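Asks: Chain by chain, the residues:
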Amino acid sequence: MRTSRWKTSTFMGCLAAMAIVWGWILPRLATFDAVRSRIETNRKAGINPTAVFYTDHPTMPDIENRIENRIGPRPSAPRPQPSPQGSILWRE
Amino acid sequence: MKQEHRGESSGLPEPRKVANPRDKPWYQVDDFLAMGIASCLLLFALLAALASRPADRVALHEKLDQLTQSIRVADGSEEITQSLIAQKTEIEKKLAGNLLKPWIGKPGEWESNPSEALVVKGKSLVPSILFTGGLLLACFAVAATLQKEPTARFAFGFATLFALALASYLLAGQAVIKHYNLEYALWAVLLGLLISNTIGTPSWLRSAARTELFIKTGLVLLGAEVLINKLLALGLPGVLISWVTTPIVLITTYWFGQRILRIPSPSLNMVISADMSVCGVSAAVATAAACRAKKEELSLAIGLSLIFTVVSMVLQPMVVRASGMGPVIGGAWIGGTIDSTGAVAAASELVGGAAKDVAATIKMIQNILIGVISFAVAVYWTWKMEPRNDGVKPSGSEIWRRFPKFVLGFLAVSLLMSWLQTQGTSGKAMVSSVVDGATKSIREWCFCLGFVSIGLESNFREYRQMLAAGKPVVLYVCGQTLNLILSFLMAWLVFTQWFPEVAKSLGGP
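If you're matching them up, the sequences are chains A and B in order. Under my numbering, think of the first position of the first sequence as 1, with each following residue one higher. Under my numbering, think of the first position of the second sequence as 1001, with each following residue one higher.
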């Protein structure tokens, strides 16, 4: 059986390790060229790499508009344009 | 998700106990409470969206329609088209404002000092984080009171839980961690595990750790983001790549895990298969809740997904560039195989050209699939996998009793918002206002609280047992290999043989 002192020491040890990793190692790692370049590339392109779902991705509306423009119908096949006045919840 | 421990000898599905909602009134059942809380939050967000409509909205809608027409007829340079698209996006953002947006927040990114994460563009995020915590506390405290939990005790435990969720966001927000896609889910589970496996989870904190309630509330809110009409964003090519390949990979991987690897837990097998083939964390959460997987099974599947995603987002762009696949096929391949949207965008950005747009759109179409997948899994589990009464086929009422009702709430919200999205530019603006302005961030907090709760209720021993003989890892690797092959074949067929004109308009050769 592990004593409560052992458990508390393990917990405190893990917290100390986390403080070292997040407070010292990772900030230094962020200055390495390869890592810096990845971070800057993502920032410049407006990418949030931790986006879980498509709605979490900040530039998704731009991407949708670009794709719609590239493969959407041309003037020869116009789509019906719904009017804002026609909307049930948005009636003016 | 259940906590019961199951035997692991036969390799066949073990009989499992189903929580009997008849034991307690409906208003104490997590599924109904989750639907109630999510409905209130959605209604709140909808009312805030209606109240936030800009005064010049009619003029803005007209300008938006004009811009849409101008973009369609523009035969000028790419630069002019891009400028028109940027203007259109800007107006869409103006129309999608929400009063709640400044009040619903979560920490951002930081590099050397965690306090940087609490300030964005010179504005402190602390009030919005506190408001979000207060809003969630109010909602979940009502649920806890209905479930006969002392309110003050729950509130104290919830405040601690929220602080742990905040710490998880801060750990995930460090620039290196964030840009290598180690999401908050991982840190939330690990923080919880650290407490439960060292000093132990105190009873007052355990009573606030309502994993099922948090996750199911988050899933019903996620329904607002599952917009069916997005399915056609890339036309038939997108449907073929995302909605044909993915179910084949999912079913084959599940079959492989049950029949060849003989993974003792069918729910673990299903959660890993779904998170690997569909869209990572969100698919894992949805299917785990639909098939009542154990908490440890969900966190193991998410851990596997995150580790392999880091590897994929480094290696796959290299393979695309080295093989000369091109941005369209390469983008579709990355979008169809890397688990999370953020990782897909980051990996495809390294390929360049149109790869990011194609990859993110394929992933978006795949994201929509989780509605269908979670419903199908819930039906299959209720019908086929739950224990039968002495071999007798369960009656209709018995099936209804066992069915995870929150899935119906998830689908209802999804259908409602999909319908709203089709109501012209105004409907689209309303959906964006509700989702971007409020429910998206609340959903993320709910999931984060759920993941911390999973960690607080789990034991490392469980993970050792599940990882015995490395079967979950073998399952993931084999399934992902099949996914990589089939997705490439489908992308190649679609963009070179069946729809080469679409590939050309997307920026392909």
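Warning: the hint list may mix true and false statements.
[Claimed, not checked] DSS-like cross-link-like pairs, simulated, lysine-lysine; straight-line CA separation at most 30 Å:
1. A:K44 <-> B:K1101
2. B:K1093 <-> B:K1471
3. B:K1123 <-> A:K44
4. B:K1440 <-> B:K1230
5. B:K1148 <-> A:K44
6. A:K44 <-> B:K1094
7. B:K1393 <-> A:K44
8. B:K1106 <-> B:K1024
[Said to hold, decoys possible] Stretch by stretch, here's where chain B covers chain A in the computed footprint (C-beta under 8 Å, at least three residues):
9. 20-31
10. 34-40
11. 47-55
The hints are simulated quantities; they were obtained by calculation from the structure and are not laboratory data. The structure displayed is predicted, hence computed values, not measured ones. In this text, a Cβ means the ideal position worked out from N, Cα and C, and glycines have one as well.
Asks: Which of the stated hints cannot be reconciled with the structure, identified by number in ascending sequence?
Replies: 2, 5, 7, 8
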